[in-house]
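Student: Sequence:
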Amino acid sequence: MSKLSQIDSAAEKKGSALVTFWQFVKFIFVSLLAMIVQFALLNTLKFIPAIANLYSRDFHWWVFACAAEAGGLGYFIVNNTANIAAQIVAFFVNREKTFNSGANVAVTLPIYIVFTIALITFSAWLNPTLKELLIRKGVGDNLAANAATMVCSAVQFFLYFPVDKILFHKKKESKETEKEGN
Numbered sequence: 014m015s016k017l018s019q020i021d022s023a024a025e026k027k028g029s030a031l032v033t034f035w036q037f038v039k040f041i042f043v044s045l046l047a048m049i050v051q052f053a054l055l056n057t058l059k060f061i062p063a064i065a066n067l068y069s070r071d072f073h074w075w076v077f078a079c080a081a082e083a084g085g086l087g088y089f090i091v092n093n094t095a096n097i098a099a100q101i102v103a104f105f106v107n108r109e110k111t112f113n114s115g116a117n118v119a120v121t122l123p124i125y126i127v128f129t130i131a132l133i134t135f136s137a138w139l140n141p142t143l144k145e146l147l148i149r150k151g152v153g154d155n156l157a158a159n160a161a162t163m164v165c166s167a168v169q170f171f172l173y174f175p176v177d178k179i180l181f182h183k184k185k186e187s188k189e190t191e192k193e194g195n
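So in the numbering used here, spot 7 of the sequence shown is number 20, and the numbers just go up one at a time.
Read the hints as simulated data drawn from the structure, not as lab findings.
Heads up, a few of these hints could be off.
As the list claims (entries may be wrong) - No more than 25 Å apart at the CA atoms, straight line, and that leaves these computed lysine to any residue pairs for SDA-like:
| hint | residue 1 | residue 2 |
| --- | --- | --- |
| 1 | 183 | 31 |
| 2 | 185 | 115 |
| 3 | 39 | 185 |
| 4 | 59 | 130 |
| 5 | 39 | 128 |
| 6 | 178 | 167 |
As the list claims (entries may be wrong) - Just the calculated beta-carbon pair ranges, DEER-fashion:
| hint | residue 1 | residue 2 | range |
| --- | --- | --- | --- |
| 7 | 159 | 28 | 34 to 42 Å |
| 8 | 117 | 172 | 16 to 24 Å |
| 9 | 120 | 46 | 23 to 31 Å |
| 10 | 57 | 152 | 19 to 27 Å |
Every residue, glycine too, gets a C-beta built ideally from N, C-alpha and C.
Work out the full structure: start from the sequences and follow the hints.
Tutor: Below is the structure:
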């Protein structure tokens, strides 16, 4: 039995409040992992020549027109690709490690995707808006992009935990229970 499983078992014996607290602690670490993925992509994808060429002020498309000021279509693509990759990592790690869930992926993944699309759409508006605001206040371009991403990540963090707690409520059956059933 791994150390993480031992801690999970000990928390379960202490009650649901401690289980939720322990899940929240694990969720913090998974969120940090997802944020590392997001920031790594945010700060490296922009150097791909095909994407770098898309950084312009000529991106005026519907609600994302604010991205024109923040770096154009290139910034829009980089920011959202980084966000999507981080959420993919977070989904699978949280399902397996944070919540020890046996919930059906065919059911939970589409719900998670719809929720993620809503949050990414919100972040696709908020992130360049904050970045442009910070740039107007005299903050450098890279620092403004990272600060705006931090704010959006924090918003997502506090919204994802309760949603994940609901989605991943079904516990995995232990190997001993599976053997007894056979």
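Student: Each hint should be assessed against the structure and marked as holding or not.
Tutor: Here's how the hints hold up against the structure:
| no. | hint | in the structure |
| --- | --- | --- |
| 1 | 183 <-> 31 | holds, 17 Å |
| 2 | 185 <-> 115 | holds, 4 Å |
| 3 | 39 <-> 185 | holds, 17 Å |
| 4 | 59 <-> 130 | holds, 22 Å |
| 5 | 39 <-> 128 | holds, 21 Å |
| 6 | 178 <-> 167 | holds, 17 Å |
| 7 | 159 <-> 28: 34 to 42 Å | holds, 39 Å |
| 8 | 117 <-> 172: 16 to 24 Å | holds, 22 Å |
| 9 | 120 <-> 46: 23 to 31 Å | holds, 25 Å |
| 10 | 57 <-> 152: 19 to 27 Å | holds, 21 Å |
Checked against the numbered hints given earlier, the structure satisfies every one of them.
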